[in-house]
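*Asks:* What follows is the residue order along each chain.
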Amino acid sequence: MSRRTVFLIAAIIVTAIPLAGCPPKVVYNDVSPDYQLTFPEDHYAHTGYRVEWWYFTGHLESESGDKYGFELVFFKKRSEGDFRLGLPVWWFQNPAYVAHFAVTDLSKRSFQYSERIGVNKPLRGGASTDKLVIWNEDWSAMEMGDTWYLNAAMPGYAMDLFVQSNKPPVMHGENGYSQKSEQGGASYYVSLTSLAVQGILEVDGTPLAVTGKAWMDHEVLSAEASQNIIGWDWFSIQLDNDHELMLFTVRTEDGSIDPYSSGTIVFPDGTYEHFYSDHFEIRNLSYWTSTESRVTYPSSWKVSVPEYDINLTLLPVLGDQELRPWMTQIIYWEGAVEVQGTFMDETVTGEGYVELSGYHKPIRL
Amino acid sequence: MTRPKVIPYLICFLLTVFVVSGCATKNVVYRRADPNTQVVLPRDNFAHRNYRTEWWYFTGHLTADNGHEYAFEVTFFKRRTDEDKYRGLPIRNYSNPAHMAHFAIIDETAGTHRFEERRSKDYINNNGKGGTLEDKLYLWNDDWSLKQIGSDWLLRAGMKGYDLTLMLTPQKPPVLHGDNGYMAKGDQIGQGTHYFSYTNIRAEGVLFVDGSPLKVSGRAWHDHEYGSYQMASEYRGWDWFSIRLDNDAEIMIYLLTLKQGGIDSTSSGTIVPASGEPVHLNFDDFNVEVLDHWTSRKTETTYPSAWKITIPAYETELSVTPYILNQEMRTKKTLIQYWEGSAKVSGTYQGQPISGKAFVELTGYIEPLKYLTKRDVQEAGV
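Protein sequence lines correspond, in order, to chains A and B.
According to the numbering used here, the first sequence is numbered sequentially starting from 1.
According to the numbering used here, the second sequence is numbered sequentially starting from 1001.
Derived by calculation from the structure, the hints in this document are not laboratory data.
The reader is advised that the hints may include incorrect statements.
Said to hold, decoys possible - Dumping the calculated DSS-like pairs for lysine-lysine here, alpha-carbon to alpha-carbon at most 27 Å:
1) 1298/B to 121/A
2) 1308/B to 1085/B
3) 1344/B to 1129/B
4) 67/A to 1085/B
5) 1160/B to 131/A
6) 1085/B to 1344/B
7) 77/A to 361/A
8) 1333/B to 1129/B
9) 1129/B to 1085/B
10) 131/A to 121/A
11) 1308/B to 1344/B
12) 77/A to 121/A
13) 108/A to 1136/B
14) 1333/B to 121/A
15) 1259/B to 1160/B
16) 25/A to 77/A
17) 1298/B to 1085/B
18) 1160/B to 121/A
19) 121/A to 1332/B
20) 302/A to 361/A
21) 1333/B to 1298/B
22) 1172/B to 1129/B
23) 1172/B to 1344/B
24) 1085/B to 108/A
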């Protein structure tokens, strides 16, 4: 490093310290129970809210029968007050765009992930407010007519998928207003629970035609979750009998589950019912500890929804599906699971994704 | 300074190259395009190994959600380089086959034409920077690609200021030109290509312009042609027209231009009606009249720049006018120089007033396409 570079860096840091202390005060839009979600418009990006994300998770199978799970998530976040590597993010990017991509490769028994922080030219990161086009550097989710195109790549894997929704959007909570805790804190929360997937997964340079099923979650929020909330466990379950189940539990400091934890069951005809935590039970059956982060996560579950006579066991297809993206500075477990159990006294199988947040340290969005 | 250390290596390398390149060219016998070889699809839309030259052309017209009209050309070339030399050095040592690609974007509303090229080394394995596959429709060159996904094709290409992602869905079955997919381009055996088109493809996607995404939709055309010694030596090049009319009929016209001037009588075309079987057009079934010319200031090359196409038996008379005169592709690395551009079409089809859009390609105007000489044919023992 030349003396000139050292001097420049020192100058930037010296300037940054006093300025960084005073991020601009911004008033964000409130998530309101009266807001009527409309589609496709509410699939697009929203302005005025603090945090927004689009989550795509799914299960793929190649023609030769190799199986893969994937997670592709695009985050958009107002960055006032956020620091990355000691520097105020809002100086560089506001909103800031971050994306994560993970592939669970069952034939190799490996899990690999990567991240994008929306700084590389030419496209950087962004999300359109008048069409479904979300991108982060070379990764994107874009509408092409009534098909959505997803793509992401990292060393070893490149994914190009066309997805089409079999069912209308599911609005969780009360018409899409999804309250997270007794103290308030809500998001607009919409899912596409049954996406037919056709695409190509390049594995070490060899293109494999893949088909499968995916799930999309889209959430918009402004309020911080209340201080006593540590994190959440989220479950998306796609059963082979064409029912889907979304469940989340919000964990509080005293070790209990917030009663506003809730779920939604989606029927084959696309209709759905919302219910709160008094209608379901999730029991952790075992635990797994990451040798990298030393964080312990639950690693298998018994899920029951008595009202619908649902009893399911969820097992990760691979223990280590922990993401530790170093630029994004968030450690969480998000992984593909296989599902077995009974549904109205019939045996049923299925696939799912589970997200476990706040096990490393309490999550603050 | 590291330079003195490099020079001996460089000399050794050059000496080796000269010795190697001095060796008699191995007599490569390429596979010849043959009227008796039946084109079988979709297999023949994948790559072929033993033809000398093969290309996949994608052109189309798009309407964007900002109201602009765009046109695009994305072409993937594949060429055996066994006999090709660049400044005296055999290219085959560098890349065989060589893969090249061109991408042009025309903003018809703003009146701009931009192009870029890719020339990526081939690698034996699939994760090379440029390549094609023989068991699926899968073409790539650096960051550009065309991939079959189910019954759709995914086309991606980017250049300074533009990033295009399209889902292409063929709306009509492929059209075999000439004699069942064999286009004669001379009297000799092998002087011809296998040539077919998907003339009506729905295109939906996103075009990033200076970092902002536009939703685009429209229609596209795909040409795939392959052969080894394509043209007799008296030919200079070709003028090619792909016309898509608003009533969903398409017309392809292929004129072989002669070095001495004029057009050869083996030139031909195809009419693809809105529904029903395509019809082959012989040279005397149509007439192409050049109405105007344009001279490139960069290359001082003069090209025809406006046409009247008549097909009397179909009561068809169409004027074809480029949206922009300067749609000259002056590629520096791939050394393929031509004019390829978007044009508007108006006139009558089967006696009814009609309008449409076209792509026109004009080759051999800068210099005759030099790899098509008789000497090549003799050297290769064809």
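*Asks:* Next step is simple, just say for each hint if it's right about the structure.
*Replies:* The hints, checked one at a time:
1. 1298/B to 121/A: With a Cα-Cα distance of about 31 Å, the restraint between residue 1298/B and residue 121/A is violated, given a limit of 27 Å.
2. 1308/B to 1085/B: Violated - the C-alpha atoms of residue 1085/B and residue 1308/B are around 40 Å apart, more than 27 Å.
3. 1344/B to 1129/B: Not satisfied, since the Cα-Cα distance of roughly 36 Å exceeds 27 Å.
4. 67/A to 1085/B: 46 Å, violated
5. 1160/B to 131/A: Cα-Cα ~23 Å, so holds.
6. 1085/B to 1344/B: Status violated; Cα separation ~39 Å.
7. 77/A to 361/A: 20 Å, holds
8. 1333/B to 1129/B: Satisfied, since the Cα-Cα distance of roughly 16 Å is no more than 27 Å.
9. 1129/B to 1085/B: Measuring from Cα to Cα gives roughly 21 Å; hence the hint holds.
10. 131/A to 121/A: 22 Å, holds
11. 1308/B to 1344/B: 12 Å, holds
12. 77/A to 121/A: Given pair residue 77/A, residue 121/A holds - Cα atoms ~19 Å apart, limit 27 Å.
13. 108/A to 1136/B: 24 Å, holds
14. 1333/B to 121/A: 24 Å, holds
15. 1259/B to 1160/B: Measuring from Cα to Cα gives roughly 37 Å; hence the hint is violated.
16. 25/A to 77/A: Distance of about 15 Å is within 27 Å: holds.
17. 1298/B to 1085/B: 26 Å, holds
18. 1160/B to 121/A: The given pair, whose Cα atoms are some 11 Å apart, holds under the 27 Å limit.
19. 121/A to 1332/B: 25 Å, holds
20. 302/A to 361/A: 25 Å, holds
21. 1333/B to 1298/B: 17 Å, holds
22. 1172/B to 1129/B: 32 Å, violated
23. 1172/B to 1344/B: 22 Å, holds
24. 1085/B to 108/A: 44 Å, violated
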